[in-house]
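We have chain A already, so just place chain B on it with the hints.
There are 2 protein chains.
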Amino acid sequence: MRAEGEKIQRLSIMRNVQIQLASRPLGEPVVDNFKTIELEVPDLQEGQVLVRHHYLSLDPYMRGRMNEGRSYAQPQPLNEVMIGGTVGVVEASRHPRYQVGDRVVGMGGWQLYSIVDGEGHALHKVDDSVIPLSAYLGPVGMPGVTAWVGLNEIIAPREAETVVVSAASGAVGSVVGQLAKARGCRVVGIAGGPDKCDYVTRTLGFDACIDHKIHGDLKSMSTALKAACPGGIDGYFENVGGTILDAVMLRMNAFGRIAVCGMIAGYNGEPLPMAHPSLILVSRLKVQGFIVSEHMHLWSSALKELGAMVATGRLKYRESISQGLASAPEAFLGLLKGKNFGKQLVKLT
Amino acid sequence: MRAEGEKIQRLSIMRNVQIQLASRPLGEPVVDNFKTIELEVPDLQEGQVLVRHHYLSLDPYMRGRMNEGRSYAQPQPLNEVMIGGTVGVVEASRHPRYQVGDRVVGMGGWQLYSIVDGEGHALHKVDDSVIPLSAYLGPVGMPGVTAWVGLNEIIAPREAETVVVSAASGAVGSVVGQLAKARGCRVVGIAGGPDKCDYVTRTLGFDACIDHKIHGDLKSMSTALKAACPGGIDGYFENVGGTILDAVMLRMNAFGRIAVCGMIAGYNGEPLPMAHPSLILVSRLKVQGFIVSEHMHLWSSALKELGAMVATGRLKYRESISQGLASAPEAFLGLLKGKNFGKQLVKLT
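First to last, the protein sequences are chains A and B. Position 276 of the first sequence, counted from 1, bears residue number 276 in our numbering, the numbering being contiguous throughout. In our numbering, each residue's number is its place in the second sequence (first place is 1) plus 349.
The hints are simulated quantities; they were obtained by calculation from the structure and are not laboratory data. Be aware that one or more of the hints could be misleading.
[Said to hold, decoys possible] To give a feel for the contact side, a few chain B residues facing chain A, derived at Cβ under 7 Å:
1) Val390
2) Ala624
3) Ser627
4) Arg633
5) Phe639
Quick caveat, the model's predicted, so the values are computed rather than measured. Glycine included, C-beta positions come from ideal geometry on N, C-alpha and C.
Next up, chain A with everything else stripped away, as it sits in the complex (with noise of 0.2 Å):
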């Protein structure tokens, strides 16, 4: 019998493809940055689980870990599979937590399969009876939480304050805007291009967007925020950083909070300084950063929120799908320039 057993084994071998970095970028990050391997799917040690990716999700955090200086978190290893939060299916599984055909959300990284020790908290089981599985790598994930953390905690808006968000028709600053706008808000994106604002301000329900590729300089741009905000900006939420932020901060008014996100426009390494600092203390601003993964006991309130309005229709999202693991490294460079409409994703199946 054991030629059997070892017979059947076999018949569970599979290959896996992967992702790497493989050098880091000088400046703006090229393809040749990543590299694809071919490996096989080891077999399953106790309490492992074997997961089977169907999205993976494409971030700008991604580009930040790509460099080897210092920033929030360490950087992404040289010759190992890129990181990236990824849904799938359980395959196999030898925990008992963990059965066949289990929709899971971890970060499998860029690649087909993933084995994940069941214990823990790497992998968290998701329904997609009602919330599509792609969902949870965007407005009921971790771009959402996002969204949710920073205008909660940092810019906590009160009704009928004005709130400002940049990058607003992305994973995060569009789940940004509706959810302030649910808070009785008046809410005011900036987006590149004409077709984004009108999915922010038609789609969305904002109620204004300004195009910052028609506004690009400081003054055109703080001349759109004085129009579209008569009452000044209360809270921002910052993607950016740049032009956008210092003209943003010419608008906010006395107490108003900035929450600091992301700064996509000094990723590449180039000079980002803030113009006029002293705003700070002429207009008493909190500006803040934070990272989610920081703030994971909020984490469950807001997957709560989050995943009723998705379900209800309330908090509406729009994806930006590339097909097949190889399409990754284009889709990612993409992202950093704005190409992708939405939540940038990878269909792997």
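The following block gives chain B in isolation, referenced to the frame of chain A:
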């Protein structure tokens, strides 16, 4: 008896001298921006109090008021007495709450006398039996409360954390550091010149003090901060702005707090950018501006602690006293350049 009454009233006629803002500065202010006026002290109306000022307080915030542009307060009007905190003695009173001889703190302005409505909160009686009168313009007055509020409300240091304060020998900075020491912190000052640095460490008891005249550029200041703060910086009390802020930000620990109280380096309109605002995200900093007059509910707690510390010698302070109202403009211009050593006062008696 009417004639006699008139005679008594005439004896009370006094000449006031006041300094007004004559013109707004173009860049650096000059003495010609001020003018001196002599005028008669009018008779007291029912409910009014006449105060003879003993000391006038000179403070950096006055520079902002000299400009026309938007700031956190109304500009100082032209051809009116310069705004300023004063401490003095009641000369005459037609309000039951005040008696001749009462010691009072108020915003009497750059003049020898002021007439104040006894109702409301324009005057505060103080006791100079233990605490010298002048201290109510320094450690037991607005500068002291400024230090207390910024340290406790924004930096909120925990024991063994490292707190850095710029303008460390000044009226505000000296209190910040001594309060932080009392809370069990490692405290590092930044001041200009060896005399001030010696005073900060030897007399005030800071753990270290960095001379910004020696460490004038970003790299040198950053290196000096690294040496003085081997465990990084958890809290920074900002009075200066510019290069010093940039250097401190490079050394801030995760979750560091920066209380922005002043940015004197930019008060004449020089560009004063923040070099790396992305550090707010990378180090998850909170950078918050504040104005002490907007935290009135904290004044009594603050003054209670500060008064007790001064009365018992646990809070040390130093004054630069210039003699006579006519010396106020020069003394003020010197303050803006750091020529004062400790709290800048003008003695008016």
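Verification of the hints:
no.: 1; hint: Val390; result: violated, 36 Å
no.: 2; hint: Ala624; result: holds, 5 Å
no.: 3; hint: Ser627; result: holds, 5 Å
no.: 4; hint: Arg633; result: holds, 5 Å
no.: 5; hint: Phe639; result: holds, 6 Å
In summary, the structure is inconsistent with hint 1 from the numbered list given earlier, while agreeing with all the others.
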